[in-house]
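**Student:** Mapped onto the UniProt record's numbering, the consecutive letters of the sequence shown carry residue numbers 1 to 334.
It is worth saying that the hints were derived from the structure and are not from the lab. No false leads were mixed into what you were given.
Under the rule of at most 25 Å between Cα atoms (straight-line distance), these lysine-lysine pairs were calculated in the PhoX-like manner:
| hint | residue 1 | residue 2 |
| --- | --- | --- |
| 1 | 312 | 300 |
| 2 | 158 | 312 |
| 3 | 116 | 316 |
| 4 | 205 | 332 |
| 5 | 170 | 334 |
| 6 | 300 | 316 |
| 7 | 36 | 6 |
Computed from a predicted model, the values in this text were never measured in an experiment.
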Amino acid sequence: MTVTIKDIAKSANVSTATVSRVLNGAGGYNEETKKKIMQIAESLGYRRNEMARSLVKKSSNLIGIIMPSVSTIFYADIVNGIEQVAQTHGFSVILSHAGEKGNRLIDCLKMLEERKVDGLIIVSIPVNEEQIQAIESLSVPYVLLSTDTQNEQIPFIKVDDYEASYTATKYLIDYGHQKIGLAGVDLSDYVAGIPRIAGYKRALKDKGMDFSANYIKAGDYSFSSGKEALYAFHREQAEITAVFCVSDEVALGVISAAFDLGIKIPEDLSIIGYDNTRVAAMAVPPLTTIEQPFQLMGEKGCIKVMEAIQRKVVVKTEMMPFRLVERASVRKRK
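Whole structure, please, built from the sequences with the hints as guidance.
**Tutor:** Structure, rendered in structure tokens:
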């Protein structure tokens with residue numbers, strides 16, 4: 001049976017108006033009364049009718065999330081961060097998948113517009129000017145997570161891929177490696193690919209080391225990209241002693257190919273990953289990697305959008321910290 005505010009009022013021996021004010025945070029009561037009513041509401045299993053409330057407020061309390069797909073490991077932590085914050089503040093989320101390259105983004109926006117979302121979070125999809133205009137046409141607060149755009153007016157939250165890549169490459173150099181491969185990177189990706197290549201090159205240059213284009217193996221940040229990269233290095237007899245992988249999935253692919261080829265990690269080849277997804281600690285050997293704070297990104301993104309919805313706060317870009325997590329996949333070069 002559905003519990004109503006009348007049931008709560010009867011149990012608390014107060015008026016229904018007082019119960020309504022407490023549940024809606026309207027004021028006009030003391031702290032003792034509030035505590036009593038909230039405890040009774042919880043014990044009776046009362047659930048507010050959020051849909052009815054949203055109709056009165058002309059608000060859906062819905063935040064739309066658009067992401068490429070659910071196949072990549074790190075999306076789970078981002079979505080968890082968003083959902084936890086949203087639910088704590090009485091919001092719900094609706095997920096929409098735009099495909100690996102974000103090709104269905106416009107369709108997703110149309111669907112979310114029909115659902116009358118109050119805010120929007122776009123995860124790991126580079127957006128062009130046409131798509132930005134479509135996003136703006138919804139007239140709701142939004143933010144990009146783990147991606148950005150060449151339009152400086154668009155708010156985003158991400159790590160500095162250039163600096164993170166520089167840090168990873170320098171770490172390998174400091175361990176005595178001079179022939180360092182870069183695996184699985186999308187050469188045309190201006191959001192993550194190009195900055196990571198630039199950081200890799202700069203670290204080599206700062207140490208006075210030569211750069212070879214043959215040491216960069218293109219890919220799509222996937223497991224198969226990692227396997228193909230190491231097979232290519234092996235065919236070309238590149239004699240690399242370390243590989244900087246642009247994702248943990250790529251690193252797992254390199255480890256898999258190394259097993260096939262009889263190459264020992266880290267005795268024969270050192271590997272560093274990127275992301276610090278859950279599989280990084282499960283790898284054999286456990287993977288040294290760059291950590292992106294995906295859960296925190298999700299939380300921050302949701303908070304920014306909710307503040308814009310509720311208090312008209314302008315959503316601003318924020319760079320997130322990264323850190324290098326040392327495990328067992330890198331060995332000092334003698």
